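Assemble the complex: chain A is given as a structure, and chains B, C and D must be docked to it using the hints.
Respectively, the protein sequence lines represent chains A, B, C and D.
The numbering of the first sequence is this note's numbering, which starts it at 1 and goes up by one.
The numbering of the second sequence is this note's numbering, which starts it at 321 and goes up by one.
The numbering of the third sequence is this note's numbering, which starts it at 641 and goes up by one.
The numbering of the fourth sequence is this note's numbering, which starts it at 961 and goes up by one.
No lab work stands behind these hints, which were simulated from the structure alone.
Since the model is a prediction, treat every value here as computed from it, not as a measurement.
Check before you lean on any hint, since a few could be wrong.
[What the hints assert, rightly or not] Below 30 Å or equal to it, Euclidean Cα-Cα: the simulated DSS-like pairs (lysine-lysine) are:
| id | chain 1 | residue 1 | chain 2 | residue 2 |
| --- | --- | --- | --- | --- |
| 1 | C | Lys730 | C | Lys642 |
| 2 | A | Lys2 | C | Lys845 |
| 3 | D | Lys963 | B | Lys525 |
| 4 | D | Lys963 | B | Lys532 |
| 5 | B | Lys525 | D | Lys990 |
| 6 | B | Lys350 | B | Lys410 |
| 7 | D | Lys962 | B | Lys532 |
| 8 | D | Lys963 | D | Lys1050 |
| 9 | A | Lys30 | A | Lys2 |
| 10 | B | Lys323 | B | Lys410 |
| 11 | C | Lys643 | C | Lys730 |
| 12 | D | Lys1172 | B | Lys350 |
| 13 | C | Lys854 | A | Lys2 |
| 14 | D | Lys990 | B | Lys532 |
| 15 | D | Lys1172 | B | Lys323 |
| 16 | D | Lys1265 | D | Lys1165 |
| 17 | C | Lys878 | C | Lys845 |
| 18 | D | Lys962 | D | Lys1050 |
| 19 | D | Lys1174 | B | Lys350 |
| 20 | A | Lys90 | A | Lys30 |
| 21 | B | Lys525 | D | Lys962 |
| 22 | B | Lys322 | D | Lys1165 |
| 23 | C | Lys845 | C | Lys945 |
| 24 | A | Lys238 | A | Lys212 |
[Claimed, not checked] Partial chain C-side listing against chain D, Cβ under 7 Å, derived:
| id | residue |
| --- | --- |
| 25 | Gly704 |
| 26 | Gly705 |
| 27 | Thr706 |
| 28 | His709 |
| 29 | Thr710 |
| 30 | Ala790 |
| 31 | Lys793 |
| 32 | Val799 |
| 33 | Glu802 |
| 34 | Thr886 |
| 35 | Gly889 |
| 36 | Tyr890 |
| 37 | Gly895 |
The C-beta atom is built at its ideal place from N, Cα and C for all residues, glycine as well.
Letter by letter, the chains look like this.
Protein chains: 4
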Amino acid sequence: MKKIGVVTSGGDAPGMNAAIRAIVRSAVPKRCEVVGFERGYEGLVRNQARSLGLRSVSGIVQLGGTILHTVRSARFEEPDGPQEASRSLKANAAEGLIVIGGDGSLRGALELSRSSGVPVIGVPATIDNDVFGTEETVGFDTAVNTALTAIDKIRDTAVSHERVFVVEVMGRQRGFLALTVGLTAGAEIILVPEAQVDLPSVIEKLREARVKGKRSSIIVAAEGVTDCRALTAEIARKTGYDARLTTLGYVQRGGNPTARSRLLACLFGAEAVDLLLSGVENVVVGLADGRVSTTDLALSCSREKPLNLDLLRLAERLAA
Amino acid sequence: MKKIGVVTSGGDAPGMNAAIRAIVRSAVPKRCEVVGFERGYEGLVRNQARSLGLRSVSGIVQLGGTILHTVRSARFEEPDGPQEASRSLKANAAEGLIVIGGDGSLRGALELSRSSGVPVIGVPATIDNDVFGTEETVGFDTAVNTALTAIDKIRDTAVSHERVFVVEVMGRQRGFLALTVGLTAGAEIILVPEAQVDLPSVIEKLREARVKGKRSSIIVAAEGVTDCRALTAEIARKTGYDARLTTLGYVQRGGNPTARSRLLACLFGAEAVDLLLSGVENVVVGLADGRVSTTDLALSCSREKPLNLDLLRLAERLAA
Amino acid sequence: MKKIGVVTSGGDAPGMNAAIRAIVRSAVPKRCEVVGFERGYEGLVRNQARSLGLRSVSGIVQLGGTILHTVRSARFEEPDGPQEASRSLKANAAEGLIVIGGDGSLRGALELSRSSGVPVIGVPATIDNDVFGTEETVGFDTAVNTALTAIDKIRDTAVSHERVFVVEVMGRQRGFLALTVGLTAGAEIILVPEAQVDLPSVIEKLREARVKGKRSSIIVAAEGVTDCRALTAEIARKTGYDARLTTLGYVQRGGNPTARSRLLACLFGAEAVDLLLSGVENVVVGLADGRVSTTDLALSCSREKPLNLDLLRLAERLAA
Amino acid sequence: MKKIGVVTSGGDAPGMNAAIRAIVRSAVPKRCEVVGFERGYEGLVRNQARSLGLRSVSGIVQLGGTILHTVRSARFEEPDGPQEASRSLKANAAEGLIVIGGDGSLRGALELSRSSGVPVIGVPATIDNDVFGTEETVGFDTAVNTALTAIDKIRDTAVSHERVFVVEVMGRQRGFLALTVGLTAGAEIILVPEAQVDLPSVIEKLREARVKGKRSSIIVAAEGVTDCRALTAEIARKTGYDARLTTLGYVQRGGNPTARSRLLACLFGAEAVDLLLSGVENVVVGLADGRVSTTDLALSCSREKPLNLDLLRLAERLAA
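Just chain A, with the same shape it has in the complex (with noise of 0.2 Å):
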């Protein structure tokens, strides 16, 4: 392979760049050059690439967002946008395909390698961690890290104040953020839309912590479970405790990596690029039992990626 191309689409991660990185410079030693498609499939589809080499990812590992920008791509959902977007990879002579990015992501690369018969390998990067095939996704621990550092800073006023705090974090319509960072934080209560907890036991929840001696409580809320301005108004309502809400928003998504989010950018570049020179097409790379490993993409992107309820137990037991 004398050429692949790479592209980051989709909601940006933390370690898109290190991925990035680590993919040029995998490849150019090796004799693989690498051109980059910018703003995602939107780039793909309207030809938008540049050469990268060696100099051209330096100074970048510790950069969140993306040197490729990712923008949404309306084109490329069209029906002939997969097929424009296959005009491209050959128009700049790309043998094969990097995709960094998460499920959605995925699927488009699937579409892509379908129509197009280019390779293609997947680098599952989103803060959500909702991809199937691996442990942790590239920036997943990084969002945790943000989310966590500003609910230690609530619980500072939660405590002085002797609030209740709701803080609706990311994560769509699952409940990896939110869990870890509910069970890290030492949060009381955890939803998430995988275990449906009603108000009442909410409720129930805060009235025991108070009589247990917690004169203030935290609640993390993945942004998929409910309507959290009415469960906050709800717990006011019901308890008397003031009750207040914060949605940590976009901020989980920047900033720079955590070195696990690196980590995981370095190994998935590196072996993405070693399985497309090698012949491999198709797959998801990513950590299973803790190791780097591959998946194939179209079950990937057909299977959901269990959350493990038994963390839910424990950080319940724990917020004793």
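Relative to the frame of chain A, chains B, C and D by itself:
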């Protein structure tokens, strides 16, 4: 004076603990005991007090929140609230009181002083920076840096996704926080209540920014300036740009205080004790012309601190 | 088992408090009391103990250091030290002991178990990550990120001044910390005791880096690998480059634990209690294949954990 | 004035980039071009220059270091150095020059102005804060907070291990950094060159601290005050306490600038341009009485900025 009281009131601000420490460590070696009233004015009306010795304030200089807690006190707001509070002061033999808090708390301090005859000194501590008589309040610098760090992260996503981001910061009806954050974050647009801007101007500026080559923009808005959700929707509708909102929320109130917030807390707390012990009463400690100074408490409560709009013009100039 | 003891020993590691909390919150609801021995093995030989109830571990999950303290104990090292410690265990009716610490502490735990007959469980917690039987220790991820953040800052100066920076990180005689930090920091050269490199090779690599267009370089060195002061001087002398040394030092041991350090602390602490209560004894809890597991304590104490040198080669490849 | 030059010189300081941005964004809209000289005075003597347009300073307000680089220039120190530099100024048609740097750089600026006749404005930027004519330099607040955060972490270990920690901070022959850091960190002892303390007094204070119940102590020492390694050894020898040294080193020079460092950079940079364009020459911009002001360059270079020893006494009082 043999004994003084100290209370933290209103919204918590990083550095309140450093101020408590400075007060205790300044008073006790001068043979003046310190009694801490807990939970703001609520602890004064309910006589929830505890003695604060030299070792009781060890290891707190770096903690956010307040070890004395602060809750809203409906009882203090009642007609006989200040009298109840006066009784607690006398019951504890407190011959003076230091109130650490924002402008609402200082107004309470003025009332309390009038009803009890006990000399009161105010230590301005609020992330809103809206106390007349001081160039800066304890906690403001910390909140500015917390918001700034968050925006630095959001910028990663804004740039990567070529988006317009509206970031709502705290400050209630005032723009101190938004202005300093916006200027130092390099925000393209800053919206503060003191200098209303209409939507067409915002739209116009965003378009100009694109023309100049900026593919993403940050708008920092004070919470008191407009409905940011509606603003963001309008921007998206009128420009077609991908526009998103993040409300930073309570994370801005907590966290370890910055050096500057601690420095002001040390200076103001020590000065408050010196003033009380030398017979001064009913003033607010503050920073004027970069130096520790005092302002009459009644005057501080009756005036509105002006916002330096030159900084707003500078910010616009530098976002060119 | 009605009562268990817990002790933190050896160098402190971020997450020790989260582990103490996990132990107390796991044991007490199962009607098993917890007694904490203070100041490491010193508190065991001197019987400095205090009861740890559910509320005594509130608000500590995010704190660095250890609320139980840890000092070097000359007395425990004496021939009758373990016997003295055994007496304390019995005096406190502790039927089992959980030791939170590094490899030295675990060796002490083994001795103690042998001399007292009391079952012991080890929770590996050290920033050095050098405990056989676990892929990762509590505190390691925090130290890695602290060092990484520091190097990100140093890089600003390295680039601006076009310098070679030698950054010495902790790890005693092992290179776990240096390797992970160096890889994720994008260091040009990583020096670990497990893969000795001679000075001429270092010089050669630095020269190659300049030829490739790098005007600054970062060398991450484990403290155990060489005299870094001499190394820095030699580099400056032989290359003529402006070379500087920074020794990160004790800052790496403290700070709020990262999510991952807290997660391991929660998992290991809870598991340690479950093991003791179910009759298992003399094992070290750990992470194997990404899952919580156990290793025989005597085995853990007699083996040396291998360093993954593939990561070193990857780091070199990516620094191309 | 149609064109001005800008150069960063001496040790890098966080906020230098924000100052460059402020200068470019202030000058260009007033139809005054900006040429940046690279690598400090070295770039002036060697005529390494590049044009700085509005977009060339995008996205740098938050970056540490300096995009213009800064290296030591032996050639500028030679007798004909300033003349060479003057030639570059003329070759680039620069009618004025803004020098961003510390006191050594400002002395160079004065020489350059004398030899070239080109008006020069100094923007004080150094983490040492030792420029006469300004209450604070660009970068100082950032370095203070970086050191403070490090000491907050070290305190975890100091408390857990019941140790005495000597923390050496930067500042060359001056104590500005040590004093502000020590006061705000709640250090038990602060050692600055401006107020020499003998070893017996240090020992005495440490013993008093133990008597008062403090089991750990932090000593913050300016690098210029003594040999900290020897000091630490002496403390250990004379008191028998476990004493350790950490030298914070170059981490203090880098990192994203704090809000305050950016604010000063914005204010000073904009003012420097306004001054040059209005015909003022050979002054240093600064902060006096909390406001932007100017000081004659020759005066600034000939005077030593005094350290406020009242703060030292306050720190001692508060460490009671």
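Hint check:
1. Lys730(C) <-> Lys642(C): holds (13 Å)
2. Lys2(A) <-> Lys845(C): holds (27 Å)
3. Lys963(D) <-> Lys525(B): This hinted pair holds, its Cα atoms lying about 28 Å apart.
4. Lys963(D) <-> Lys532(B): Holds - the C-alpha atoms of Lys532(B) and Lys963(D) are around 22 Å apart, at most 30 Å.
5. Lys525(B) <-> Lys990(D): holds (19 Å)
6. Lys350(B) <-> Lys410(B): holds (21 Å)
7. Lys962(D) <-> Lys532(B): holds (22 Å)
8. Lys963(D) <-> Lys1050(D): Holds, at about 11 Å.
9. Lys30(A) <-> Lys2(A): Holds, at roughly 9 Å.
10. Lys323(B) <-> Lys410(B): holds (11 Å)
11. Lys643(C) <-> Lys730(C): holds (11 Å)
12. Lys1172(D) <-> Lys350(B): Holds - the C-alpha atoms of Lys350(B) and Lys1172(D) are around 16 Å apart, at most 30 Å.
13. Lys854(C) <-> Lys2(A): Holds, because 26 Å separates the two Cα atoms, which is no more than 30 Å.
14. Lys990(D) <-> Lys532(B): Cα-Cα ~16 Å, so holds.
15. Lys1172(D) <-> Lys323(B): Holds, at about 22 Å.
16. Lys1265(D) <-> Lys1165(D): holds (29 Å)
17. Lys878(C) <-> Lys845(C): Within the cut-off at roughly 13 Å; holds.
18. Lys962(D) <-> Lys1050(D): With a Cα-Cα distance of about 13 Å, the restraint between Lys962(D) and Lys1050(D) holds, given a limit of 30 Å.
19. Lys1174(D) <-> Lys350(B): holds (20 Å)
20. Lys90(A) <-> Lys30(A): Holds, at about 21 Å.
21. Lys525(B) <-> Lys962(D): holds (27 Å)
22. Lys322(B) <-> Lys1165(D): With a Cα-Cα distance of about 27 Å, the restraint between Lys322(B) and Lys1165(D) holds, given a limit of 30 Å.
23. Lys845(C) <-> Lys945(C): holds (29 Å)
24. Lys238(A) <-> Lys212(A): holds (19 Å)
25. Gly704: holds (4 Å)
26. Gly705: Holds, because the Cβ-Cβ distance from Gly705(C) to chain D comes to roughly 4 Å (cut-off 7 Å).
27. Thr706: Because about 5 Å separates Thr706(C) from the closest Cβ in chain D, which is inside the 7 Å limit, the hint holds.
28. His709: holds (5 Å)
29. Thr710: This hint holds: Thr710(C) lies near chain D, its Cβ roughly 6 Å from the closest one there, short of 7 Å.
30. Ala790: holds (5 Å)
31. Lys793: holds (3 Å)
32. Val799: This hint holds: Val799(C) lies near chain D, its Cβ roughly 6 Å from the closest one there, short of 7 Å.
33. Glu802: holds (6 Å)
34. Thr886: Because about 4 Å separates Thr886(C) from the closest Cβ in chain D, which is inside the 7 Å limit, the hint holds.
35. Gly889: Constraint on Gly889(C) satisfied, holds at 4 Å.
36. Tyr890: holds (5 Å)
37. Gly895: holds (4 Å)
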